[in-house]
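Now for the letters of each chain:
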Amino acid sequence: EAGVTQSPTHLIKTRGQQATLRCSPISGHTSVYWYQQALGLGLQFLLWYDEGEERNRGNFPPRFSGRQFPNYSSELNVNALELEDSALYLCASSLQGKRNEKLFFGSGTQLSVL
Amino acid sequence: AQSVAQPEDQVNVAEGNPLTVKCTYSVSGNPYLFWYVQYPNRGLQFLLKYITGDNLVKGSYGFEAEFNKSQTSFHLKKPSALVSDSALYFCAVRDDTGGFKTIFGAGTRLFVKA
Numbered sequence: 020e021a022g023v024t025q026s027p028t029h030l031i032k033t034r035g036q037q038a039t040l041r042c043s044p045i046s047g048h049t050s051v052y053w054y055q056q057a058l059g060l061g062l063q064f065l066l067w068y069d070e071g072e073e074r075n076r077g078n079f080p081p082r083f084s085g086r087q088f089p090n091y092s093s094e095l096n097v098n099a100l101e102l103e104d105s106a107l108y109l110c111a112s113s114l115q116g117k118r119n120e121k122l123f124f125g126s127g128t129q130l131s132v133l
Numbered sequence: 824a825q826s827v828a829q830p831e832d833q834v835n836v837a838e839g840n841p842l843t844v845k846c847t848y849s850v851s852g853n854p855y856l857f858w859y860v861q862y863p864n865r866g867l868q869f870l871l872k873y874i875t876g877d878n879l880v881k882g883s884y885g886f887e888a889e890f891n892k893s894q895t896s897f898h899l900k901k902p903s904a905l906v907s908d909s910a911l912y913f914c915a916v917r918d919d920t921g922g923f924k925t926i927f928g929a930g931t932r933l934f935v936k937a
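Protein chains in written order, with the numbering used here: chain A, 20 to 133; chain B, 824 to 937.
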């Protein structure tokens, strides 16, 4: 069974550009979560999608947005890139319905903003 | 609001010695607690989760965690450390009032010396 897949693995952009990151959850998982892992800051919660809807959002500016498609895959968009957006962006998926369900993580997209 | 604290940036132990990685949490409702591990250049992997009623939880790779409600702690332990345990460890929490948002600590880097 395929795990959570993310693309691209690496992304290099310049300040002011837009970045699009993609995530495919494990088959059968309807929830997708996005996290930012910046150096020394741990994992910061960005967004949670379930059944195509945004369910919760972390403390990030509106230029961080995303969506979830009917097949439950998801896209994270970052507009007007800033240098401090450079980080590893991790996507995770889970089954829905129980609060003690574990998250399954992808290997991440390393975004570098120059 | 949920929060997680991992007070140690780094823990150093000798191979064969017991290890402890500390975690304290704050939630509004009942806690759902998890430990994840991140090996270099890889996504996070689930280690274990707290199950209501079991104060000592056993997980993957010989790890266990001790839940202490009065101290709001969920420390990760292993009786005998291996060099291969060297990695970045994250404590995470959900509560039953905050939807399915999972909040992570800043992480603790474990170094096991041969």
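One or more of the hints may lead you astray.
Unchecked claim - In silico EDC-like links for lysine to aspartate or glutamate, alpha-carbon gap of 16 Å or less:
no., chain 1, residue 1, chain 2, residue 2
1, B, K924, A, E73
2, B, K924, A, E120
3, A, K121, B, E831
Stated by the list, open to error - Derived coverage of chain B by chain A (criterion: at least 3 residues anywhere in the stretch with Cβ under 8 Å from a Cβ of chain A; other residues may be distant):
no., segment
4, 855 to 866
5, 876 to 889
6, 898 to 906
Treat the hints as calculated values from the structure; they're not laboratory data. Cβ coordinates follow ideal geometry from the N, Cα and C atoms, glycine included.
Which hint numbers does the structure go against, in order from smallest to largest?
3, 5, 6
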